[in-house]
Amino acid sequence: MTSDLMQFALYCAVLVAVAVPLGAYMAKIYAGVPGVLVAIERPIFRLAGIDPHKEQTWQAYALAMLAFNAVGFALLFAILKFQDLLPFNPQHLPGLSAHLAFNTAISFVTNTNWQSYGGETTMSYLSQMVGLTTQNFVSAATGMAVAAGVARGLAARQKKTIGNFWADMTRSTLYILLPAAIVLTLVLVWQGVPQTLSPNAVATTLEGTQQTIAVGPVASQIAIKQLGTNGGGFFNVNSAHPFENPTAISNFLEMLSILVISAAFCFTFGRMVGDKRQGRALFAAMGVLFVLGFAGLYASEIATNPLHAPYVAAGSGNMEGKEVRFGIGNSALWIEATTAASNGSVNAMIDSFNPLGGMIAMVNIELGEVVFGGVGVGLTGMLLLVIVTVFLAGLMVGRTPEYLGKKIEAREIKLAALTLLIMPIGVLALSALAIVTGNAHGSVQDAGPHGLTELLYAYSSATGNNGSAFAGFSANVDWHNAWLGVAMLFARFGYIVPILAIAGSLGAKKTAPASSGTFPTHGPLFVTLLVVTILIVGALTFLPVLALGPIAEQVSIAAGQSF
Amino acid sequence: MSNTNAEISLFDAAILRRAMGQAVLKLNPRGLMRNPVIFVTALTSLLVTILVLRDAAIGAPNLAIGVQVAIWLWFTVLFANFAEAIAEGRGKARADAFRATRSTTRAKVLMDPARRDIVVPRDAAALVEGDVILVETGDVVPTDGEVIEGVASVDESAITGESAPVIRESGGDRSSLTGGTRLVSDWLVVKVTAAPGNTFLDRMIALVEGAKRAKTPNEIALDILLAALTLVFLFVVVSLPIFAIWSGTQIPVIYLAALFITLIPTTIGGLLSAIGIAGMDRLVKANVIAKSGRAVEAAGDIDVLLLDKTGTITFGNRMADAFEPVSGVSEQQLAEAAYLASLSDDTPEGKSIVELAARRFQPRIEAAKGASFVPFTAQTRMSGVDLADGTAIRKGASDAMLRYAGAALDPALDQIIRRIASSGGTPLVVAEDTRILGVVHLKDVVKPGIRDRFAELRKMGIRTVMITGDNPLTAAAIAAEAGVDDFLAEATPERKLELIRAEQAEGRLVAMCGDGSNDAPALAQADVGVAMNSGTPAAKEAGNLVDLDSDPTKLIEIVLVGKQLLISRGALTTFSIANDVAKYFAILPALFVAAYPGLKVLDVMGLGTPTSAILSALIFNALVIVTLISVALRGVRYRPSSASALLSRNLAIYGLGGLIAPFIGIKLIDLLVDLLHLA
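Which chain is which? The protein sequence lines are A and B, in order. For the first sequence, my numbering puts the final residue at 563, and the numbers step up evenly by one. For the second sequence, my numbering puts the final residue at 1242, and the numbers step up evenly by one.
Source of the hints: derived by calculation from the structure; they are not laboratory data. Treat the hints with care, since some could be wrong.
[Unchecked claim] Quick list of in silico lysine-lysine cross-link-like pairs, BS3-like style, CA-CA up to 27 angstroms:
#1 Lys778/B - Lys509/A
#2 Lys414/A - Lys914/B
#3 Lys510/A - Lys854/B
The following block holds chain B by itself, in its conformation from the complex (with noise of 0.2 angstroms):
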């Protein structure tokens, strides 16, 4: 994949001029009827304009101030569709360079799938599911599927960016081939499991590019209440005429429409859909793809995440920490011998030996010379060294070096080879002949700062619970040592499953990432399930989300795009409210000084002329849409913290500027409309 994850700068160059295009396309009605604010807004608009029209053909004064209420009613709309299209179109760019790996392939598909010989070829968009296709090598997979017959490495890179081919092959957990891969070795037998135009990779384009994007639950109850507002103002509005009457003024049709605007949430009804789109942007970005904007949402909400110990919380490899020799033998001696028994040993155990060994002491690399590997087996369960001189080192599990060295447990041995065990560690025992030196202390090691990435979960309310197929002992002491709040051990997908429901009987919400088949039941009940790319097709359908790397680190990435997301909706929405105090101040008195000149005093930013009074918070409220777009795109800034310290913060910086910044912007607007004239 080209640039799928790289970035795309925030105001390209292509995607603003595309977006100035598209946002005059989307006065379409139907499209603005999804949007309530932005709708009423339009009609708003309209009606300004024929009446600005007919005022034109009568001759009426003041048409001047007319035409500009007009424009501006205009931009708000147009800015707020421009916002929306910029959004969608970085999603299109992203889109693109998925649909570039997509080639128009032809598949071999086999009529009977016993016989490879008989293909016939069908274009890719015709193959339905349940079809067996013939995959050979240089070819791109036509569709996503399962393989039923064969091993093979595919080239994975178009979907996760990883250059490093990986292993397909039938059965298992490896058995999920994704359409737009290509083979690089062998041949596979594939049944398709998607139907044309639903791939895997046809929903990520489709949801990068919010084509098909459905509103999310929270953006359908937030719309709610911004189209409840907007009728608030609306009795606002339209009984106020009646009231200037009795009070012996006129409102001028214009003047009011432009109070209606700019008291209607026009700010967040504008930045909407552009905050839901950029969400899922930055969830691509990190090369994730969501199911559906629900699942995104889910994560901000999640209260405790289930996490596989290896791969997330440790390394997955077991590294040589210590040498502990027996009495007798120094620690040195002891190094020597495990360094020579794993020279040749490409295990990451082996390696991490040598590489500890050759930290600690500077062993004698020329004993080792004609020196003969002796591999690992699984009925020896050891391996090992036989050195040009006779000296047979081995190493291995405890149990089958005794029998090796046909010794009894030296209680001292015994000591150590339990200590290690119970501090979560393996121990490798090292034997030189018959002879047993010591042990190697093996130990699972932690990622370095994911104490400090639970520390900052904490904070946030969430809890972490590590999931491990370790013994209760050893999971406890690497739980410790993570500094994870809870542990299971033992785990088997049923007691995960079990555990999921426990939580969410409590009424918390689960997420969780898995890979192989039987994950599929305990990601399908989470709530939010991320599958692993590589991992099976039950997997993936079971999840709500899919991670392109197969990374599991990565959910607590996906937690915080979550809140990030509903963060951002929140903060713009109560800069949107606190916005109309400054805005009332400025068109209240400009709208009835002529009836009352004591109202003056309700005049506080002190504005030019009431013409120019109305023009400003008109401009004010349609220019704040296109400022804050950096905003709505790039999301609220979010450090994890706790909700009360996350909510004074946001309500200092939306809320009280909310409050003061339109007295500012309105006063510095109306000097300027007064300096040009306009009003």
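For reference, chain A alone in the conformation it holds in the complex (with noise of 0.2 angstroms):
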């Protein structure tokens, strides 16, 4: 326990240690790239015909991001749907089904990577090189665009622009993405993750039988699918496959770039809206949502299933659906890190968690993936959550509710209030419809509040971006990859959509300047407001479904129970 714990700081050390420099540099990108960098990117622009120079107002950014988006998913879900008639298909499999391609485009055009397939036995080298590694980076990228264009928004006086969707989108990846995914890959390569286009071993076991071994450019998928908050992998066990992650070492990066630039998201924002105070009380909310969920998903797995506990050795924890390599301590942070990060890559199967763990990584996901949340979309979920959070507080110093100087008003508050909506409905109205519609007792394994638990997580998962499945949810049906798609759709852009309008409309407002009398949105005090308000109205909205699904099947099998 002490190690598990010890590497536990170590790790929020490293985090730490990285993404305040990281978040340095990425604002100094998003102001406008130093002079030796403009070389690389002249000639794409020039190509493209964008002028980077050239401000957008929210609605234009929006759109143009918006339309960069559509054209993406009609590219990947051709790119699935015909991957037969196209080259780098040494195994010869066939196109996607027509539902399948749309929820599995839908899905890493919303850097949710929802994976309702098994990734060696369904898609082509060509369609995971080229339709999801480039949706791995330009969904990032996208999400980043969006958290520059609002941070720029807060920051403005009176104006009425918020930067370039393609310039913001083109350095995002240029600048940040790429560089951190070939340095990450070349160190994944050195740990033993393959990077090939070779067709699959074929190796004959000690019984004789035939056993295909997959292989294929994993490390390149890998490095983009965790610092991108994609999740996607490369094999349907993801990260708990050892050519995915065959280390410690690899274990580790792989945890510390699933959170890098999210986190670092808070100190860029801090830097843009030029008080690093701001950023800093961010991330501090951040950071105690995410030491609550690793403590409580960390106590929730080394305590032993009680229906398991006549079989196992006292003290062994809960290590079904876990890798002995990684054990309980990696496992939990490695969840804690993907749930709370929109990020959705596994090490470990969180169908198989006690069921208050498997709990806490669904309530990550249904606080909105604001800890730390998505690359980006992350930063910017949690400024929505903010504005409510000031605005309900805010009137209590006796002024119309300011953030960084700008009044939030009835507009504002709208666009706010709507996203609210958005996890309510595509968690609890959409599993309750495939309930009524009877499409859901015949996805779930289990009976009981455990397949209830199984339901809720993939629609959790697809509303909040996060694309991690509750193993034992077999999405891959027509009702399904319809609905799930719809989720991660109308989720993506129900929350980027509000709150770029938001930017916009309060960069054109003027800026009071902060004086005793300003409401303190940092510090202290602020960072547990803000806390508490997110559990309030993240968390309580999910609370009598939780009680009907994991908390029910927690008494029930500690009263020896099961269903």
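Both chains are sitting in their own frames, so use the hints and assemble them into the complex.
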């Protein structure tokens, strides 16, 4: 246990140590690229006919973002649907069914990377590299561009524009994601992750049977799936697979890269709005929720499943669904990071966690993916909750609520309030719809509360654009492929467009200088307030259904009841 | 005005009685729809009532609990209506007092403004803008207007409560005449400036009654958020029975309704309009009329207060502060001379000299016997006294006195004069015959306590700027003494306007007060412009608040009222939302314990039975509205302090309190419910 906690402490320390300078670097990139780099981007912009200095209003910015994603979706859909007709398909895998191609294309465009399929048995190398990996980059870059635009809006003083989407998206890819991914790829290759275009190896086992050993361009995809909070693995079992995640070093680096860019965005934000304390406060709030989540997960997993107690050694904890090489500490930490950050990659099977552990993973998602969250969008999601918090409590200092000197008025509240509806609709309404239409029972593996959790987790994961799966839920059927796709789409843009609109509206407003009468949006009091508001507004919504799912399961198995 | 600013008891019996009736009348759906949370509550109550009636018809079991849930749901709506009705009732009580002053006077309309002898009587209500009327001694002014001819003294006590009559005359800053006031002397020819039903008095009445109350921007934003939270909980509650069926249990709709109503923010939803009306009421009590609720809210947001020096920061009269004799003259000698010269001087300066001299030395009053007073004239620019023995004592501005004495400026005297001037004072030179005795230091006396007031404002993050026509030297001295943050010396209306624009360009909200016509542009530009009731119609039109007492210090109070209004709203919102935690822990185990007995662990309050838990949470939810009516009406207690201090204090009381209170409240109600075997 001590070594687990020390690893956790080390993880947090390294995360902060990397995120702070990275955040500063990213702020520089978004403020305008330093001279030497212009040579890299100039030909790209010239070729695409983009003037990176041309500022866009929030509407133009959002429209560019939507158009870019729409085209990305169409392209990816076509590649997946017709991969059998395209090159780099040494296993001669067939094209995907329309609903699976729809679901997968949305899933990767929205940075969810929910996988209704098993990677190595479904996707050609071309689909993985050109289709999925491209979206791994640009869906992440989209989120990062959104955050940059929003930060500019909040920093603006009576300005109508929030930057240029094309420039932000290109630079996010070129100067942040790409270099980081290249470095991480090389390190992973060094650690033993395959990177090859050869077909799968076929080995003859001692028993004389033929075993196919899947390989492929793995390392490059793993690097970006972690860094870009994508999470879609090359292999079906994701980073529990020894070729995706072979060593302790690879495990640590992969966990680190889940959170590092999202965490760095807090500091980028602080610098972009000209008040580093604001960024630190957001980081602190996310950090508190992260530590709370890890503590809960870890506490849940070091306890033995009561139903297993007679069969396992006392004090061995819950090892079901976990890799022995990672153990409880690293599995709990990975799951905490991946669900907090809308990544969705896994190195252990959440389905097999003790009920409360699984619940914490799900709650992380249901908070709206704001505990670091997806790259860029984690920050903007948090800002939406900051606006709600500032509005609810800000009145108590006797002023119209302000954030960063901008008055929060009806328009902003209307937009922020809309986003409060996304999670309840995506998770509660769609899960309930699946039940009443009779599409739930067939897909869940388990009866009783655990089955309910599996269903809820799937819709939470899609709505939160997380992409991790509670194994045991068979999503690859028309109904779920379609509705999970809708949930991903609705939630992704349902958060992004309103926050861009808010940024545009706040950017056009005057900025009131801070005084001692201003509601402080930094410091421990505000961080506490923000955390409590997130828990009350976010988590309480789900308490009833959590009571019927994981909580009911936990109390039942504690009483020796199974379903 | 008899009692507009009198204290109306928080629970005045007559108001309470009427409010109870009003609470029922307010069930009218059209009115309820203005308040989304309460409207939803009413719909839910209706649904439950229908279900209970159906259950009664088919003789379903557990009818008693259904009936009680229905009753408490309706009570929730009624309590919210009741809160609003009380607030309106208090406003109405004040409005009635205003209305009493409005009589059905007949106006004397002049067809030809030049001919005062031809008047056509017309009903006051039939007057239109632009009519010219004659008002004579004893007449009640029928409507608002501007004096175009004549001078008269007017009793404005009906509006301001101030009994001393004031002068109203054509031209200048005293040409505005308010309907409902009474002429006590002379006559005035007045041009009507307000359309019927839109006079100052009418607006005032409408405002305090809350009849025309439009929602303020902040109220609208809060309404949106409350509506969104209501929708969120709607999704929670509507999907819940489906998940319950999955779990092998069924939740009666009546219980779901109870859960829904306890979760949605009924507390703040029910009290929101009461808070707004009460805020307006507090302003009226301070004798300030806001033209809109928006202005009151903006007052809370003010960053910069522009305060006129005279009347706000200083008493406006220069007062004798010290006697500074030239060499060879004793202080007493100078004081006595100044005393004699001022005995018959009625100006505040003169009186203050007499008072200071009398306090410091005991001057001989007998020397004044047979003396003749020489009044101040614009030509001589001095005043004084010729004593019976022929001695002439004069006092006046230094240049006038030097000319009078025919003396060259003595360097020592010059030094005294300069020192006084540079400290912000006015030197008054005193001479006996042609011998200059010394200087009386007249000082602009800063009001006691104003310095602390400014310190308070600074703590609240509000910057004070003193506006004065004085030269920069004098202004700086007074500014330092009063403790303002900044000053604008040699102010003209244009420079004032410039200053406001400059502050606003930096994102600050500015408040000011003014009375003259030349203040109108600045009043209109300021985010909060308080016009003095004694001011011109143009100023009153430009400002968004009018102070009936014409007291510029009121500006500070207005800011506090605005802040208190916003704080009350925020505190009760926080309380309302924090309450949800306990309600979940009361109701969820009650709903689910049949499906999963282990969920009993969520019942941290250890409530009697599932039904008593649901009923207790619902009762608590309804009662909390009634309990908090007094907080809504009185406003959350507010002491000026920094935002961080306010936040920690209010979070501790309303945030933490809101988390804890319902755990205790629901438990207590549950004990009672069990005791009475209600469920």
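- Query: Between lysine 778/B and lysine 509/A, is the straight-line Cα distance small enough, at 27 angstroms or below?
  - Reply: holds, 22 angstroms
**OP:** Given the hint that lysine 510/A pairs with lysine 854/B, test it: the Cα-Cα distance must not exceed 27 angstroms.
**Re:** Cα-Cα ~25 angstroms, so holds.
(message) So if I understand the rule, the pair passes when the alpha-carbon distance is 27 angstroms or less; does lysine 414/A with lysine 914/B pass?
(response) Violated, because 62 angstroms separates the two Cα atoms, which is more than 27 angstroms.
Hint 2 from the earlier list is the only one contradicted by this structure; the remaining hints agree with it.
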